[in-house]
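Protein sequence lines correspond, in order, to chains G and H.
In this text, residue positions in the first sequence follow numbering that gives the first Met the number 0: the first is 0, and each later residue adds one.
In this text, residue positions in the second sequence follow numbering that gives the first Met the number 0: the first is 0, and each later residue adds one.
In short, the hints are calculated from the structure, not lab data.
Among the hints, a few may not be true.
Unchecked claim - Calculated pairs, SDA-like style, for lysine to any residue (alpha carbon to alpha carbon, straight line, at most 20 angstroms):
1) G:K124 to H:A23
2) G:K58 to H:L10
3) G:K58 to H:D79
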Amino acid sequence: MPVRVQREDFDVGHELAALRDGDPAVGAVAAFIGTVRDVNADSSVSGMTLEHYPGMTEKALDAIVAEAKARWNILQALVIHRVGPLKPADQIVLVGVTSAHRGEAFAACEFIMDYLKTRAPFWKKEETASGTRWVEARASDDAAAARWQSTTKPVP
Amino acid sequence: MRDSAGTTVSLVYLARLREAFGAASERIEAPAHVNTVGSLRAWLAARGGAWATELAPGRAVRVAVNHDLANADTPIAPGDEVAIFPPVTGG
Chain G
0 MPVRVQREDF DVGHELAALR DGDPAVGAVA AFIGTVRDVN ADSSVSGMTL
50 EHYPGMTEKA LDAIVAEAKA RWNILQALVI HRVGPLKPAD QIVLVGVTSA
100 HRGEAFAACE FIMDYLKTRA PFWKKEETAS GTRWVEARAS DDAAAARWQS
150 TTKPVP
Chain H
0 MRDSAGTTVS LVYLARLREA FGAASERIEA PAHVNTVGSL RAWLAARGGA
50 WATELAPGRA VRVAVNHDLA NADTPIAPGD EVAIFPPVTG G
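Excised from the complex, chain G in its bound form:
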């Protein structure tokens, strides 16, 4: 499945090997892993819980991957996003992309993450010394997503 939402951790090496699938047309593999930090907005964070909207989550991620495939000449794409309770240093999300050349793989990987950050229905609730709080969305994430609205394809 190119898109997975799961509580369990994932093995990056295993997942990227499966994504590459021994395909000799692949010349480039780009990947991003998001992980839990122990600090956010000047508070120390001891853990977080990822909530999502069952029914929409996979649909939204599928649409983002489909848009990446339409915009760039890539071969395969993979998104794995965890939900449930997580601790600092835990893995949260994996985005992997294969293509013939690196320009498309890098761009598509970054695009998928920028759109995931602004369109995929996940919400983080973090635990700090002063209690639990919902993480606020960032204007910088909206700005990152917006810049893809006027981008041209990379030179192959």
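Starting from the known structure of chain G, arrange chain H on it as the hints suggest.
Here is chain H on its own, set in the frame of chain G:
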């Protein structure tokens, strides 16, 4: 065919808004003129309390209709599922 008496819509509240509203979901019979996301938002805000606070104009609220992100003009039809949630924070 739309029921002339109104429209039964399923509402889903997520994350911080679920806590603010005190409910994860509900089914409503909205008046026939409540047929867009924008008009639904105003109709819910008229309940007062947390509804008025969280759904006031200018508050950052996202809405999905049948699992697709929507805007104020997106139509709502009987049987639709409308989810209301804060800006997303995944990744």
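Between the alpha carbons of G:K124 and H:A23, is the straight-line distance 20 angstroms or under? holds (16 angstroms)
Is the hinted pair G:K58 and H:L10 satisfied, with a Cα-Cα distance of at most 20 angstroms? holds (18 angstroms)
G:K58 and H:D79: Cα distance at most 20 angstroms? The given pair, whose Cα atoms are some 16 angstroms apart, holds under the 20 angstroms limit.
Of the numbered hints listed earlier, not one is contradicted by the structure.
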